[in-house]
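J.: With these hints in hand, go ahead and build the complete structure from the sequences.
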Amino acid sequence: MATLDTPTPAAAPVPATLNPLNRRPRDAGRSAVAKALGYSAMIVAAAAILLPFAWMVISSLKTNNQVFTVPVTWIPDPIVWQNYLDIWARSDMTTWIKNTLILSVTVTVLQVVTGSFAAYGFSKMRFKGRDALFVLYIGTIAVPWQSYMIPQFIMLSNVGLSNTLWAIIALQTFSAFGVFLMKQYFESIPEELSEAARIDGLSEYGIWRRIIMPLSVPAIASLTLLMFVNTWNDYLGPLIYLRSPDLWTIQLGLKSFIGQYNAEHALIMTGSVLSVLPVAIIFLLGQRYFVEGIASTGVKG
Amino acid sequence: MATIAADERSPGAVGPGPDGPRTGRNRAGRKLKLRNTLIGWSFILPNFIGFAVLTLIPVFALFYVSFTNWNVFGAAQWTGLDNYTRLFGDASFQKALFNTFYYSVFHIPLTLAASLGLALLLNRKLRGVAFFRTVAFFPYITSVVAIAVVWNMLFSPEFGPINQFLRAIGIDNPPGWTTSATWAMPAVILVSVWREMGYYMLLLLAGLQTVPAQLYEAARMDGANAWQRFWNVTLPGLRPTMFFVTVMLTIQSFKIFDLILVMTNGGPGQSTLVLSQYIYQKGFVENQFGYASAVSVALFAICLVVTIIQFIANKRRES
Amino acid sequence: MKRKTPVLIGMTAALALTLTACSGDDGGSDTPPAAEGPVTLTLAGWSLSSTPEFQTLADAFNEENPDVTVEVQEYAAGDDYDTQMTADLAAGTAPDVYVLKNLKNFFTYQSGGQLLDVSEVTGALDPSTGGLDAYEADGASYAVPYRQDSWVLYYNQDMFDEAGVDQPDGSWTWDDYEQAANDLTDGLEGDARGTYQHSWQSTVQGFALAQSGGALDTADYGYLEPFYDRVLDLQDSGAQVDFGTITTNSLTYQAEFGTQKAAMLPMGSWYVATLIAQQASGEADEFAWGLAPIPQVDSSTTGTDATPVTFGDPTGLGINAGIDEEKIQAAQDFLAFAAGEGGANALAEIGITPALLGDDVVDTYFGLEGMPTDDLTRFAFSTHETLPENPVGASTAIVQNILGDLHSAVMSESTSVADAISEAEARAANEAGIS
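Protein chains in written order, with the working numbering: chain C, 1 to 301; chain V, 302 to 620; chain Y, 621 to 1055.
Don't read these hints as lab results, they were simulated from the structure.
Computed from a predicted model, the values in this text were never measured in an experiment.
Worth double-checking, as some hints may not be accurate.
Said to hold, decoys possible - Cut-off 20 Å, straight-line C-alpha distance, at most; resulting in silico cross-link-like pairs (SDA-like, lysine to any residue):
1) C:128 x V:339
2) V:616 x V:516
3) V:396 x V:482
4) C:128 x V:328
5) V:332 x C:126
6) V:334 x C:126
7) V:616 x V:538
8) V:332 x C:130
9) V:616 x C:127
10) C:35 x V:421
11) Y:721 x Y:698
T.: This is the structure we're talking about:
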């Protein structure tokens, strides 16, 4: 490790002329205006992007027959909190959230670990058949799941996995997506770092764990977030595999609660709001790992 | 091993150094190669076993089924190439194929541009950047049912805000959007770009972290303007991620399903019918799983060809 | 790794077996022995908390047959029910008795060998049971109907009075209906309209198929034309909200009729229970309403001394072909009960239209609180010739898909009626192999 030089970005000497603090005043004034403009543009864009979500929240506070009207009513009158109470009181929300959390966390952890492990094999090791195998991985992404889910279901049923959470974990954990994502990221990590570690006598497993993984925090963060969201919002998987109500996930439970003949749109929207919020919080926490400089620490400019 | 590696080290070498026996001792080289392969497989196996059992086997089953008349229940009868020859005479399949291409040709570049723009915009230490990043990601986590409902309302030909706005700026005959066979696909493309840009932004944000800040500074010192810095520093540094994003975006575009299902259900008429939906229709609605599997294989083949082209292009750019 | 290898082999073998072996009919003895002692049957249902019919049938049956317990298993609602059921039947994990939501999927299950022959049960049922012969195939019967909804005309009496339009008297043809819809729209204040036909293809095609002697399995859909012309006229004159607005604003028929935005509504009889419940909860306005027979093509089937023709698929119960032989007798008993008098009364009490509509059952139904009791409503509810929406056949599902595309193309005015029909005919010939 001794030869591994990892200066922090702050320690890197910055030529005085490039330091933003030393810019001439005219630049500073212009950049303040630009900043203000940038912010207002971003706020407008944010409002536009959030519009459907706002409509979801508004609709969840209406009575059912008020949800769809011509023209659209943006202010519910009266405000109905009943939908939220209904869902909490009459449904098994806590069970659904518990199941969904178990699934999301397990799948995400397993996917990140096995996916990045395999990705290291694909990107940093060279052996026969590697590229063909990798194309096989990606190729399966291109096959729509709906078309092979029945054979898969028959298979998992025969080994007794249907109607268990294991089925969903098994299904989601080994997707090619994570392998692909991590492999591409690993390839942008300079080979010199691994080489230096090898000279220091680190094994390949050691390099994966102590060099590559710590440098891949942004990729791990994005894989974690995407896997979490996908598992959280997955509907078709749980629909096919889970039957007993105490195994239901939040998407399955909400859909079932909303029922069939009665188009309870206000409740649908209440459920959607409730199912989005936890994910939004996770995202808010996770996005701070996208900070410039983590991966480039090891590279000398 | 460490000393050999040190001797072998050359800039740009991929893999753990010693894959060519330059020392002239072939036996040792072969041994190393074998060792290398074993280590490589040991990394891949934990994931590959699960992948092979849970995905590969069912996918092989799908290929088999595509040569049969399987209807889910009971035995499958081998029908040879019947399903495939049927594809050539099936106007609905061709319509779905055309629509899938139509969708992809616009969806891919637009989403790429939008997500790259967002990623560049939000890749800085700004006050409130966490909030804006979350906002950009919101469409992706919002339930697709809610998205379809809201956008359909915005697109409503007579009372929708979009057309009201268009009339206000003097367009007398605004498009019918999702209620018009001509405009339904553009409407779907628009919504899907809006929905997915945050998703790919996330991937690109991660990729942007690999571009060394020092390179920007060097470029600045050389007097490069923002555009030149983007073209000469950002894009090359982002190449592995861009490759990933383009491949995924391409495959996902060809497989577009849920958004169309809830937004237009393929209509009006067949104007937004896409391949995945056609597969679902043939399989689960009409119980022709054999034929549905053949359509899946066709979709798979198209994706594979496009992906391989992207692979080769990427390799060429790499070297 | 060591542990995983046998699993891998096992899975491959299992998959190979299921794909090549035929499930369901693996021979078996001739006379199934009836089980001794208590039996537990499993029954598939959906949205159990809001759809009480399955538990109601199970409880009522258990009361008469204490030895047999019917355990209801929850499945997803809507089309997802059939997705789950298909998967479970394919993997052999489906319940003993399952519901056939509509006739479109009955064919799939029957031709796939997933239903037991229940001709004995059917033979012993009241021949007047609605939809009884819909489940016949190759001279045998494969399910029994327990529920038969039919399409009727709901109308808002208060709005008719307000507009000064004569209320329906059972003699209406579609021309009378169109006239009334226009008159109502003119006579009503505000933006209330004469009628509301929901965006489903059945609101046009169901009537056309039932009343004009058309068929799905001959590629000749010209019989749809007058029905589409009428709906397009209503849409143009503003007597009916246009299709684009319905789909883009996700309008619901419950809100359109329940909050008095439309004075008439052709809809299935299942809406009766919903409307009563929504009026009681305040979700729908308070107003006087009634049922009238659905309008007819010509006067030969109108009037309260004739039998109006309408449509609706029965909902049936079938026995899983993979059921334990010991349970077959109990399952057959359950089917006989559900489709018979006992089941019908239990269903009528919770506002569901049973397939067997005897006078007792109709009395029970009209005893519900909030139900209009005028003669025309009673006539409309109990007297009709109900033809299936999805006549059983190999090409039904395919043709319904094609006609669904025709519906959205015509209703959005993307394609003219004549063009859309000839396109559908060409597709039916090509995709379903019919001419």
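J.: So, for every hint listed, does it hold in this structure?
T.: Consistency of the hints with the structure:
Annotation: proposed proximity of residue 128 (chain C) to residue 339 (chain V) holds, straight-line Cα distance about 11 Å (limit 20 Å). Taken as a hint, the residue 616 (chain V) and residue 516 (chain V) pair is broken in the structure, with Cα atoms around 23 Å apart against an allowance of 20 Å. Restraint check: the Cα-Cα separation between residue 396 (chain V) and residue 482 (chain V) comes to about 13 Å, which is no more than 20 Å; the hinted pair holds. Distance restraint check for residue 128 (chain C) and residue 328 (chain V): the Cα-Cα separation of roughly 18 Å lies within the 20 Å cut-off, and the hinted pair is therefore satisfied.
Restraint check for residue 332 (chain V) and residue 126 (chain C): satisfied, since their Cα atoms lie roughly 14 Å apart, inside the 20 Å limit. A hinted pair counts as satisfied when its Cα atoms are at most 20 Å apart, and residue 334 (chain V) with residue 126 (chain C) qualifies at roughly 9 Å. Pair hint residue 616 (chain V) plus residue 538 (chain V) holds up; C-alpha atoms about 15 Å apart against a cutoff of 20 Å. Restraint check: the Cα-Cα separation between residue 332 (chain V) and residue 130 (chain C) comes to about 18 Å, which is no more than 20 Å; the hinted pair holds.
Straight-line distance between C-alpha atoms of residue 616 (chain V) and residue 127 (chain C) comes to about 17 Å, which keeps the hinted pair within the 20 Å bound. Taking the CA atoms of residue 35 (chain C) and residue 421 (chain V), the gap is near 15 Å; set against the 20 Å cutoff, the hint holds. In summary, the hint linking residue 721 (chain Y) to residue 698 (chain Y) is supported, as the alpha carbons are separated by about 9 Å, within the 20 Å threshold.
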